[in-house]
Amino acid sequence: MEDVIWNLKSDNVISLLKEGKRVDGRALDEYRPISIQKGISENADGGARAKIGDTEVASGVKLIPGTPYPDNPDKGTISTGAELLQFANPEFEVGPPREAVIELARVVDRGIRESKAIDFKTLCIREGELVWIAFIDSYVLNDDGNLFDAMALAALAALNQTKIPKLEDDKLVKHEYTGKLKMLKQPLLFTFAKIAGEVVLDPNFLEWKAMDARFTCSTADDKTLCAFQKGESGSFKASEIDECIEIAFKKGKDLRKLV
Amino acid sequence: MEDVIWNLKSDNVISLLKEGKRVDGRALDEYRPISIQKGISENADGGARAKIGDTEVASGVKLIPGTPYPDNPDKGTISTGAELLQFANPEFEVGPPREAVIELARVVDRGIRESKAIDFKTLCIREGELVWIAFIDSYVLNDDGNLFDAMALAALAALNQTKIPKLEDDKLVKHEYTGKLKMLKQPLLFTFAKIAGEVVLDPNFLEWKAMDARFTCSTADDKTLCAFQKGESGSFKASEIDECIEIAFKKGKDLRKLV
Amino acid sequence: MEDVIWNLKSDNVISLLKEGKRVDGRALDEYRPISIQKGISENADGGARAKIGDTEVASGVKLIPGTPYPDNPDKGTISTGAELLQFANPEFEVGPPREAVIELARVVDRGIRESKAIDFKTLCIREGELVWIAFIDSYVLNDDGNLFDAMALAALAALNQTKIPKLEDDKLVKHEYTGKLKMLKQPLLFTFAKIAGEVVLDPNFLEWKAMDARFTCSTADDKTLCAFQKGESGSFKASEIDECIEIAFKKGKDLRKLV
Amino acid sequence: MPKKDEKIEYVKGGKRLDGRKVDELRPIKMEVGVLPRADGSAYIEWGQNKIIAGVMGPREALPKHTQNPYKARVSYTYRMATFSVPDRKNPRPARREIEISKVSGEALERAIFLERFPNTTIDVFVEILDSNAGTRVAALVAASLALADAGLPMRDLVSAVGVGKAGGEIILDLNKDEEDAPDAVDIPLAILPRTEEIVLLQMDGLLTKAEWAKSLKLGIEGCKQIHEMQRQALRKKFAEAEAKR
Amino acid sequence: MPKKDEKIEYVKGGKRLDGRKVDELRPIKMEVGVLPRADGSAYIEWGQNKIIAGVMGPREALPKHTQNPYKARVSYTYRMATFSVPDRKNPRPARREIEISKVSGEALERAIFLERFPNTTIDVFVEILDSNAGTRVAALVAASLALADAGLPMRDLVSAVGVGKAGGEIILDLNKDEEDAPDAVDIPLAILPRTEEIVLLQMDGLLTKAEWAKSLKLGIEGCKQIHEMQRQALRKKFAEAEAKR
Amino acid sequence: MPKKDEKIEYVKGGKRLDGRKVDELRPIKMEVGVLPRADGSAYIEWGQNKIIAGVMGPREALPKHTQNPYKARVSYTYRMATFSVPDRKNPRPARREIEISKVSGEALERAIFLERFPNTTIDVFVEILDSNAGTRVAALVAASLALADAGLPMRDLVSAVGVGKAGGEIILDLNKDEEDAPDAVDIPLAILPRTEEIVLLQMDGLLTKAEWAKSLKLGIEGCKQIHEMQRQALRKKFAEAEAKR
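In the order they appear, the protein sequences are chains A, B, C, D, E and F. This note's numbering puts the first sequence at residues 19 to 277. This note's numbering puts the second sequence at residues 19 to 277. This note's numbering puts the third sequence at residues 19 to 277. This note's numbering puts the fourth sequence at residues 16 to 260. This note's numbering puts the fifth sequence at residues 16 to 260. This note's numbering puts the sixth sequence at residues 16 to 260.
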């Protein structure tokens, strides 16, 4: 029954796209309105909420001292978690599919990690013994499609205002800080949906349900790519990928001003 | 089908209560017969079985050396576990509801912890390094209603005869002890069921199934309250809570003689 | 439906056995063809694949430094894992029964452990501080009955070619070795199925489905028993057990030449 | 944070450490209808606490054997974000969260006309984004608003507050410093304000009967202040909705 | 507990360390019908071992796909209380407990006329409250009594005992000290006493054929002693039940 | 293994560290039909990588609510044996394995005429026995052969390869040493060779547009070499099957 309704809605998305139109009237390469709210939790070392249209994600960062990996004794690291809260998408009565949430977290993670936005050496406290682990945990509050870009935005905004806690005898001193986390790059994700042969930027929920294939492109700055992720059962032509990359660079300039 | 039978049984509980009578003939504020059997396991550091009517719980205590919490370097602690064995209530074919068992364990835990029955400082072995953790694990053998009070009784009886193991080089010496665990208070739980407007002490299984609301009151001694827990979807009037507290203090005098 | 098919197949196994014949023409005490392939993974410290007929198991060994048990400070140990890969037996759509796999792993483990094939003292690196733990993990690739014997064969073949890694500052030096793991015994399993009163060695898949009872006998060498395991809901006569033991010793001589 | 063993006067000259009077609530902000995809939602800031609540349902209870042919069931989930507490919270639900979820859901059941929706579930989910004492009562207040926002027929709103003892004084709405007092007693309380029925009541710590009586009185007054704020938040939401028509 | 490397004579002048003869059981006490809500139950004390067993069923097997249209299935659960062993046991089922549950349930299946109860499950649950070697056989003996107490039609009782080797001697019903002998062999054995069919048989340790033959003989005799005690415990229960009428 | 900070020339005189040219694959061996009980299977050795793949289905999707009335679903499981990596892998599925399973299964879906098998599942399982860079693409190549071996109607085979950057050079089929280069970029790529449709594409590391263009060209050529090997492996299998008739 529900399947039938979704099929009808998808048919509508598709027939409009055939005429070059999107269900919400946007241009094919247009983002929905974006807003960012900082400082969502005093207990977090950094935090922010990001909205793309009605899609909303809250991200918080906690810096925790831990032991470094044996093969990287002088480097801290990040750990990126994602959760889709039950009210974000009432469709998932028994929770969202686990693999989809893991993919989401890992793509956001790679955007940050592979861009080298954080110099992990600056997270070293004492070589071989103690380093900072930055736990970046994101909660989807409302899912109106394109969680990837919204979560990347929220996570980046949270990192941009993250403070480094004070340590005494290797233990955290609560609510005291020694400085700010240094961000070398401003990595962002740009997600495209391919629907009945057309490629659109920032798919909303209806488009998300109707899409055949998904492509996410992460840029580290205005001329460097740092991660790709193709998903879903459809395919892309090489030329389509190239167009997506062009748009990602173009949109990146605007978005980086916001975070 | 089963629902129908329970509804009929509950109707009977209610219609008797309307005449001021309980299904097993007790007064509204009367406990079922209580008995306690000590020394149920030589491998436990302390242990006991408690029966209230046909409700029976076995509790055992193990003292294990562990590291203290950073914010309480000079204090040991307790950890309270509860399990409803499959044969205790054949109704639960695939195991009892997890939340109900967690609530049970936590209410029993708070009764002991908040009463300050154990001075956690006496469980310190070496400040900041080694403390005793008292694992109090309880198993429900037969569930004829009011597991709360029976488990609290069994746990208290077990604690009252708990011996402190001998340590050599920070390791346990098996079956050797250096003294007894000191109990400063004798905390007990008193559970009431509200059924069709009437409040009864120590509900049996039929009453448990028929109740609208539950109130558990823990007393540390004959004049100090130490924990409350209201449960189920019904409500209590403030005056009803006060009556329950009165009865709890009155009954506590008798029960403390038993443990 | 599937039950019906299996019942028909089992009827066939049984009616042939009544005439002294097996479905695949073997004698009652005859193994299927056995082959062993060594060196299946350069990343393993030892590894092998073993086939008994179409039943195939891959085993690999990793030696990892760890802390000894307090009561055995001068001894390393083994840890034996088993997994039935999904394609090994398509019957198990949602995975094989967990208890069956645990039993399998534990019987293979006891065969190795109880035979004293490995002198755990030779796995000691520094008494009380550091010992080798040999992780023996086996994967069933194809299940055509009698996983027990095939897994024991693969595990033994893997152990027989296991090299001991080099340590520097208590850390593994990758792909460098200091010697070979010394095997004192060549323990093997011999599994028998009792089907409608007849006892057969090395049951294939059809026989496995038809069997009433199972008996596995592990021998450490040509005259020492080291583990038994009776399984399934049927029973054995004492005389049947004795015959199984005789056959196990007889067959052991041939099998030990292979590994 | 004061050391636990230090001698502190928690009320001095009628004022508490943070300047409040004994019967004074922390600053509270409530907003109704904040999640477009949920059937009902609310956001609350209560002191440092920041909590978002969403309601889905009534919808068919699944799996089938959880259906009650006589009434809807309420499934309440209280969760803390990893970054909502001073130490990072493990993302797995803690036993504390499971217990709070159970008693909070039971408290809400009394407020809803559940018998009108047999075989269904009403799913209430609250996420704590920031915390400083009293999150379970603040969450319950937000959840109650979210239920009303979802248009569920209710006997009354559930209003809740913390009350208790610190430094020998009975005070309303304890903050974290007060909860850390050596003699601290914390009493989460929720009522249906119209009838003053108690639907949630827990307590931790040593208390005499007289102290309990005083606490209960203070708590009920607190709940009534909360109730007034809840009504205002709902009126604001409905006025806005009306204006949009 | 003797050190593992020490030279110990486990049998000296015909007596074992605890004074028993080689073919002597530890003191055993059995009681039938101890759990009011279970369909059948029993309690056993066997040396230091203290075990309680309960039976529920036959009842409909759920989920449906686990039903066997030809016979009942037996689900056996062997669990150790955290405080039943010298070191605290982790409350999560260990792999050892899962294996013991599997082979013990299979052993009981042979004793019950399962084909009379198609599509059902017979749930057997045993909890170890205290332990000192030989719990799995003691549990099986208690479980068998609980099945009889539940009135299930049985081919025979299951009788079980441990047998094995310590210090070169073949002995009945090893205790923990004997199981810790450097050359210890432990053989849990269960039979249907009437036919001497073997329904459970495991073994750990190095043993010759001759030693096995001797062990089996001793084990079967032990099982028969146990069987006699089981019958007495059941007679006592039924006499009491009769008296109560 | 070179230290990460060392200055290394990854391509010198047209040759890579292991002697290969920039556009040269490691030695590859493919075998089809290796698992008697699976519906289709294949084994691949690709450099040090050793991988076995099996296919079961199409068969009824269970539980029922996972059925799609319009087409089959592909369930892909990528797992690494504990001993397949330098450090022992925890046997529990890692998040990396779950993500790879998801995108690989989606890549295969495009190749199969799924709409012919409504309400069914096609289960693909790959086990990595040994590894050295590029396992996900090697696994996908083996899985594609296993699907063909199972006789499933396919639009095309899926051919896959890794491509990327090390030491500033764009190279085909990176090995572990090259993946450990300080500036390494790894791009797993899978296509349907006939139409050159991209069905899997991931990327890690810093890359310019020009480098990406060069990588994609090299990758597509690599996929076509792989495709030819896949066709040979299938021909060999069918010739053998024919011969056996």
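Please note: incorrect hints may appear among the correct ones.
Unchecked claim - Short derived list, chain B residues pointing at chain E, Cβ under 7 Å: (1) 42; (2) 57; (3) 80; (4) 92.
Unchecked claim - Straight-line distance between alpha carbons at most 35 Å, and here's what the computed DSBU-like set of lysine-lysine pairs gives: (5) B:181 x B:203; (6) B:189 x C:227; (7) A:255 x F:36.
Derived from the structure by calculation, the hints contain no laboratory data. Computed from a prediction, not measured in an experiment: that's the story for all the values here. In this text, a Cβ means the ideal position worked out from N, Cα and C, and glycines have one as well.
Here is how each hint holds up against the structure:
no. : hint          : result
1   : 42            : 13 Å, violated
2   : 57            : 10 Å, violated
3   : 80            : 4 Å, holds
4   : 92            : 23 Å, violated
5   : B:181 x B:203 : 17 Å, holds
6   : B:189 x C:227 : 50 Å, violated
7   : A:255 x F:36  : 28 Å, holds
The earlier numbered hints that this structure contradicts are 1, 2, 4, 6.
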